[in-house]
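S.K.: The primary structure of each chain is shown beneath.
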Amino acid sequence: MAFDYQPLILSLELAFITTALLLIIGIPLSAVLAMRKFRGKAVLETLISLPLVLPPSVLGFYLLIAFSPGNAFGGFLQSFFNLRLVFSFPGLVVGSMIYSLPFMVHPLQAGLQSLPPSLKEASYTLGKTRLQTLFGVLLPNIKPALITGIVLSFAHTIGEFGVVLMIGGNIQGKTRVASIAVYDQVESLHYHQAHVYSLILLLLSFFILLLVYGINKRYLNPV
Amino acid sequence: MIKISIQKKLKMADGMTSLAIDTEITPGEFIAIFGKSGAGKTTLLRIISGLMQPEKGIIEVNGEVWLNTERKINLPVQKRKIGFVFQDFALFPNMSVRRNIRYALKGNKDKGFTNRLLEMVEMTALADRKPGTLSGGQQQRVAMIRALATKPGLLLLDEPLSALDMEMRSHLRDELQALHKEFNLTTLLVTHDITDIYRLADHVISIDKGKIARSGKPDDLFSEAYMSSKLRLQGEVLQIRKSGVVFIVEILSGNAIIKVIAGKEEVAHLRTGSQVMVFSKAFNPVIRAM
Chain A
1 MAFDYQPLIL
11 SLELAFITTA
21 LLLIIGIPLS
31 AVLAMRKFRG
41 KAVLETLISL
51 PLVLPPSVLG
61 FYLLIAFSPG
71 NAFGGFLQSF
81 FNLRLVFSFP
91 GLVVGSMIYS
101 LPFMVHPLQA
111 GLQSLPPSLK
121 EASYTLGKTR
131 LQTLFGVLLP
141 NIKPALITGI
151 VLSFAHTIGE
161 FGVVLMIGGN
171 IQGKTRVASI
181 AVYDQVESLH
191 YHQAHVYSLI
201 LLLLSFFILL
211 LVYGINKRYL
221 NPV
Chain B
1001 MIKISIQKKL
1011 KMADGMTSLA
1021 IDTEITPGEF
1031 IAIFGKSGAG
1041 KTTLLRIISG
1051 LMQPEKGIIE
1061 VNGEVWLNTE
1071 RKINLPVQKR
1081 KIGFVFQDFA
1091 LFPNMSVRRN
1101 IRYALKGNKD
1111 KGFTNRLLEM
1121 VEMTALADRK
1131 PGTLSGGQQQ
1141 RVAMIRALAT
1151 KPGLLLLDEP
1161 LSALDMEMRS
1171 HLRDELQALH
1181 KEFNLTTLLV
1191 THDITDIYRL
1201 ADHVISIDKG
1211 KIARSGKPDD
1221 LFSEAYMSSK
1231 LRLQGEVLQI
1241 RKSGVVFIVE
1251 ILSGNAIIKV
1261 IAGKEEVAHL
1271 RTGSQVMVFS
1281 KAFNPVIRAM
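One line per chain: the protein sequences are A and B, in this order. So the first sequence is residues 1 to 223, counted in this note's numbering. So the second sequence is residues 1001 to 1290, counted in this note's numbering.
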């Protein structure tokens, strides 16, 4: 039986798209959390961190219910945008984004908070707006945090299982990502196939993390 | 004229107090804001710059209203024409010296002006270095010319010389004075160093516990309190040694260790670490150029 690369490609696709979208929403979100005080900030921070402690099946279950076209939110998406999030790739992306959100936001927030406030203030006194300051001064000075956020979000999305299984199911070419494929192959007693998927995932995760630690070490001890 | 009249609550180590400053500044003057730490000097500077908001107040600079809490006018910091030099210099670590300055320039990135600024403080040779590789004095110079790159009318300096050694301070004072004249600035310098005031300031505002204690020319202000025909030094006792019938007390004043001979009664009140004052009145001190 020929080896099916589709789940691996799907995993990478999902991780790329999820990480790119997370970066776009993670930067403003972490900037707000790092620099502003507002009512309900603790609640927002809790919500963002929730996926760290919640069993993925619980998160997946609620998303499944929310996205289901039979319910208000899912029905609204279906009728207005013709978007069906259950058992579909876009659904996986949304689920993964929620699931990996803390892995993007936490490093960025910590990075921004570690910068001396005078950097931001100096930029303001030079006539620069908040946005110019964020992109011109703050983000370039937290490169290790940016890379950590990107790489961890990517790796975590590749590694997710529970949420994907709950809202994506196991549809070949659409929602069967590599982690699901391992489970699927084991269930069908195709241990060899399961081995191949597992080994690839293991190596991928190992080198991704090695990269993170290597980069952070280089930044912390510049030659 | 620059008119400042502000009120703000201050949180201090020993409870709350309020900063209440009411003063006018003549454009072109070099003003020193003097006072103990925690007196509200930095807060005043931050309020003028717009980095901090007072509860109540008016700031008008040459007829332009920067702040008027009653009329709900509050010009954001970006719109106030100021240059601000921070205590930690706040240079952007990701940019070279040159890029730090070019970042401050609006629209047209005037190369000639950048080069001129670099030349004025003798930083041309180091223009492509990152701030992290520079000495404190060099960083200080970059911070000064970066603050001037926007061509502000008002230059605000928050104890910029305090982190430097004596020689560097002296040198930078000269540069600061030259820049003040060259750019036709109104300069506000927060300091607790009397040398800064004598060397630089046309006018001193002395702040104590959030209020203007005194204000005037340096000579007038310090003549009674700090100036006298006596030689007077403040210091800390490092060691007390018995030497025959007398005691030798070693006192640290600034960076110098002074040995003073003292009698038994005088030493009785002293311990290592005591804050003391050393003065002599019977003879004329000798002055020699360094």
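What the hints contain is simulated information worked out from the structure, not anything from laboratory work. Every value quoted in this text rests on a predicted model; they were computed, and no experiment measured them. Ideal Cβ positions, reconstructed from N, Cα and C, are used throughout, including at glycine. It is possible that some hints are incorrect.
Partial selection, computed: residues in chain A whose CB lies under 7 Å from chain B [claimed, not checked]:
1) Leu115
2) Glu121
3) Ala122
4) Tyr124
5) Leu131
6) Thr133
7) Asn141
8) Pro144
30 Å max Cα-Cα, derived DSSO-like pairs, lysine-lysine [said to hold, decoys possible]:
9) A:Lys41 to B:Lys1072
10) B:Lys1130 to A:Lys41
11) B:Lys1106 to A:Lys143
12) A:Lys41 to B:Lys1209
13) B:Lys1008 to A:Lys37
14) A:Lys37 to B:Lys1079
15) A:Lys37 to B:Lys1081
16) A:Lys41 to B:Lys1106
17) B:Lys1242 to B:Lys1209
18) A:Lys217 to B:Lys1130
19) A:Lys37 to B:Lys1209
20) A:Lys37 to B:Lys1181
21) B:Lys1106 to B:Lys1181
22) B:Lys1209 to A:Lys143
23) B:Lys1072 to B:Lys1106
S.K.: Is the straight-line distance between the alpha-carbon of lysine 41 (chain A) and that of lysine 1106 (chain B) 30 Å or less?
M.R.: Measuring from Cα to Cα gives roughly 35 Å; hence the hint is violated.
S.K.: Hey, lysine 41 (chain A) versus lysine 1209 (chain B), does the alpha-carbon distance stay inside 30 Å?
M.R.: The hint is violated at about 35 Å.
S.K.: Taking the least C-beta to C-beta distance, is glutamate 121 (chain A) closer than 7 Å to chain B?
M.R.: With a minimum Cβ separation of about 5 Å from chain B (threshold 7 Å), the hint on glutamate 121 (chain A) holds.
S.K.: Against the 30 Å threshold, does the CA-CA distance of lysine 37 (chain A) and lysine 1181 (chain B) hold or violate the hint?
M.R.: violated, 42 Å
S.K.: Take the C-alpha atoms of lysine 1008 (chain B) and lysine 37 (chain A), compute the straight-line distance between them, and say whether it is at most 30 Å.
M.R.: holds, 20 Å
S.K.: Next pair to validate is lysine 217 (chain A) with lysine 1130 (chain B); report whether the Cα-Cα distance is within 30 Å.
M.R.: holds, 20 Å
S.K.: Please verify whether lysine 1242 (chain B) and lysine 1209 (chain B) have alpha carbons no more than 30 Å apart.
M.R.: violated, 42 Å
S.K.: With chain B as the partner, please determine if threonine 133 (chain A) meets the hint condition of a C-beta pair closer than 7 Å.
M.R.: violated, 10 Å
S.K.: Take a quick look at whether lysine 37 (chain A) and lysine 1079 (chain B) sit within 30 Å of each other, Cα to Cα.
M.R.: holds, 24 Å
S.K.: Taking 30 Å as the top limit, are the C-alpha atoms of lysine 1209 (chain B) and lysine 143 (chain A) close enough?
M.R.: The hint is violated at about 42 Å.
S.K.: Per the CB criterion, is tyrosine 124 (chain A) less than 7 Å away from chain B?
M.R.: holds, 5 Å
S.K.: Do the alpha carbons of lysine 41 (chain A) and lysine 1072 (chain B) lie within 30 Å of each other, as the hint requires?
M.R.: OK: lysine 41 (chain A) and lysine 1072 (chain B) at ~28 Å, within 30 Å.
Hints 1, 5, 6, 8, 10, 12, 16, 17, 20 and 22 from the list above are not met by this structure, while the remaining hints are.
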